[in-house]
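Now that you have both chains on their own, put them together as the hints suggest.
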Amino acid sequence: MTTATERSSLADIHYRDTSCVLLYDPKDLAEVDLNLLRRDTPFEEIQYSKSEVPGIAMQSEERFIRAVIQYTRLEFVQMLDSPFAERSMDVLGQIMRALPELSVKSFGLNYTVAWTTADSEPAGQYVCGQFLSPQARLEEQLGNRVFAGSVRMFFGEPGQYRDLRLTPETLKSDNVVLQYHYHNEESVRDRDRLIRLLAEQYASELPRLTRALETIRRR
Amino acid sequence: MSANTAELLGAEELGFDDCTTPSIRIGFRLHYSTRQAVDTASTTHLAVGALQARIQAALHYIEDFPVSYNRTLLAGSLDYCIRALRRLGNGDHGPYKAIREYTEFALGLIGPYIGRVPDQWARLDFTLLSDRFENLQVLCSGGGVMPRLEDVTLKDIIDR
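Sequence lines, in order, name chains A and B. No gaps in the numbering here: position 128 of the first sequence is 1562 in the numbering used here, and each next residue is one more. No gaps in the numbering here: position 158 of the second sequence is 190 in the numbering used here, and each next residue is one more.
With the rest of the complex left out, here is chain B (with noise of 0.2 Å):
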């Protein structure tokens, strides 16, 4: 990428938010270094870890959002992409892959919007998301990676 397109999304630091003028700009920075190690598509342990990494700064963010159903849509999918990486095996390159695609779109949901949230976020139909959730799902019990969610137990959230 080039200088030009990081500054157009976002590396530059104006102090506007929402509607008012460029808004994007801790989430460039923030995932900007966990990123490279993720691009290769492996389900390296580096790999792994570093997307963990990424979720986990993604849900501490998510606190500073308004209370609402997306905010609970997305703390919740994205709590379960971390215990599903938790438990893939070396061969589980579908539902990695799967996860990590689930979880660029969620952080483009969230990135725009640290520091101030607009009222209307909260109003936005995250229907699209709830969608992916239910696919990921699918592709996660279907591969014996991690129930869905509506069949977690006890045990899947406590065991590693």
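Only chain A is shown next, with the shape it has when bound in the complex (with noise of 0.2 Å):
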């Protein structure tokens, strides 16, 4: 369900990818049942490979998923469009259930957006508009115009914090980019508790982004 935060203020924001990432001691691939994921997690297409990077690579096109699971690291991805709200971290706790417990030493939640900025101006000029001040006289010391920046701050603390990256997609887009990735340095071994942990946080992140969005949009 959208919030109606996140309707009035984020009418124009494109929703872009949400994952999960998890950092657990290291887990012999031998011991995941690769029928159990087949048969409980709704991924089309399961290959283990021994080769190149060990790992179990997971995706279904159908539903805009994928997943990869390697001896120390779980990254499940949704590739979809839709506000943040709506999407589910029910596969992921699929997922979690079929594989043996993992001992998980931090973990990830990462929303990408996107937006246009007003009149076309270039991206990467709005984020030097927004961030870099001031400009002229950096430019002067550098002798050239500054036409592109990219802003990347932290903040909370340093075992629990987010991280936001303001870029524009490319050079000469006029679509700005904004990666929001709160990280957790928590001892988690429960299952069931760190499902309910990551469902509990992927939701309660939401208003801090949208107030983020909010701040930097308004500056």
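No wet-lab data here; the hints were simulated from the structure. The C-beta atom is built at its ideal place from N, Cα and C for all residues, glycine as well. Misleading hints may appear alongside valid ones.
Said to hold, decoys possible - For lysine-lysine, the following BS3-like pairs were computed, each having C-alpha atoms within a straight-line distance of at most 27 Å:
{"id": "1", "chain 1": "B", "residue 1": "Lys129", "chain 2": "A", "residue 2": "Lys1484"}
{"id": "2", "chain 1": "B", "residue 1": "Lys129", "chain 2": "A", "residue 2": "Lys1461"}
{"id": "3", "chain 1": "B", "residue 1": "Lys129", "chain 2": "B", "residue 2": "Lys187"}
Claimed, not checked - Non-contacting residues of chain A with respect to chain B, defined by C-beta distances greater than 12 Å in every case (computed):
{"id": "4", "residue": "Pro1460"}
{"id": "5", "residue": "Lys1461"}
{"id": "6", "residue": "Leu1471"}
{"id": "7", "residue": "Glu1509"}
{"id": "8", "residue": "Ser1537"}
{"id": "9", "residue": "Lys1539"}
{"id": "10", "residue": "Pro1556"}
{"id": "11", "residue": "Arg1630"}
Unchecked claim - Output of the computed footprint for chain B on chain A, the stretches with three or more beta carbons under 8 Å from beta carbons of chain B:
{"id": "12", "segment": "1499-1507"}
{"id": "13", "segment": "1636-1646"}
Right under this line is the structure:
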């Protein structure tokens, strides 16, 4: 369900991928039951690869989701354009229930959005205008016009923080992309607790993301 | 492996890191070409050489990992593998296979983080790797390929 805040302030926002990444103590992939993954998750394609970077790659073209499970890392990506609040973490829960218990040491949630600048202003220039100040003095020192910029900022605490990256989609594009990353270094071994924690955190980050977007766009 | 899997496992390059979004990038390319020869499960000179090259490449990348017990264990055990590979005889299929499998596992702990290692990597519990290395040493020493690390002498290090 889209929240009222999301509707009012983010009308021109294009929603992109969301993903969740878990970092855990090394897990032998031979312990993973592929039949269980096939049975209990909606992925149409599941492949175990021993070559190159060892891992289990899964994807569903129908549902626009994919996941990669490696010795110390699991990543679940939803390649959707629907509002974040309408997305569910249920499939991630299904994956985790089909895996042997993981000793998770940290996790991250990622949300990507984009919007087009007013009057087709180049996105790189837009970012400069928002965050690079005073631009004229810098240009004088550099001896050249600064025509694009990108910004990355962290806020919160080192063990639990948000990492924002604001970039032009390309140097000539008028699309601004914001990648919002929530990072938590919390050790969790209990599977059900982790699934609950991820779902709750995913939802509770949305108002913060909205606030961050509004703040950036108001500058 | 299909193109899709290659893409899922990191052939694409998005430029993000650790917990952010797809991170497996360089490892795929780094190890892909030499892997072809190694897949034959034989102890041919070519296969051994290719495996040594992969380990050397991995050791190079490990230098950028945070100084920690995990790094020391990885680097030390892979160095042991290189030395053991140098001493393999024609009939040492068992130790070769064990070294190869150990190396695969160790590289899987490095590959996803080449380029940027999250702080938490150093705090992961590498007991599984440590146990496997222990087993590998038992196999190599039992087969007369290479003594266990605690029994290695200067002569073992100098000799090829």
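Comparing the hints with the structure gives:
Restraint check for lysine 129 (chain B) and lysine 1484 (chain A): the C-alpha separation of about 14 Å stays at or below 27 Å, so the hint holds. Distance check on the hinted pair: lysine 129 (chain B) and lysine 1461 (chain A) sit about 20 Å apart at the alpha-carbon level, within 27 Å; holds. Using a Cα cut-off of 27 Å, the hinted pair lysine 129 (chain B) and lysine 187 (chain B) holds, with the two alpha carbons roughly 25 Å apart. Not every C-beta of chain B lies more than 12 Å from that of proline 1460 (chain A), the closest at about 5 Å, which undercuts listing it as non-interface.
At roughly 8 Å, the least C-beta separation between lysine 1461 (chain A) and chain B is not larger than 12 Å, which violates its mark as non-interface. A cut-off of 12 Å between C-beta atoms confirms that leucine 1471 (chain A) is not in contact with chain B; the least separation is 14 Å. With 12 Å as the threshold on Cβ separation, the claim that glutamate 1509 (chain A) sits away from chain B is violated: the shortest Cβ distance comes to roughly 7 Å. Separation of serine 1537 (chain A) from chain B is inadequate, the least Cβ-Cβ distance of about 7 Å not exceeding the 12 Å criterion.
The Cβ of lysine 1539 (chain A) sits about 5 Å from the closest Cβ of chain B, inside the 12 Å cut-off, so the non-interface label is violated. For proline 1556 (chain A), the non-interface assignment is confirmed: its Cβ lies about 20 Å from the closest Cβ of chain B, beyond the 12 Å cut-off. The non-interface label for arginine 1630 (chain A) is consistent with chain B: the shortest C-beta to C-beta separation is roughly 19 Å, beyond 12 Å. Closer than 8 Å: that is the beta-carbon criterion, and the segment 1499-1507 of chain A has 6 residues meeting it against chain B, so the requirement of 3 holds.
Figure legend: the segment 1636-1646 of chain A, annotated as covered by chain B; annotation inconsistent (0 residues with Cβ-Cβ distances under 8 Å, at least 3 required).
In summary, the numbered hints that this structure violates are 4, 5, 7, 8, 9, 13.
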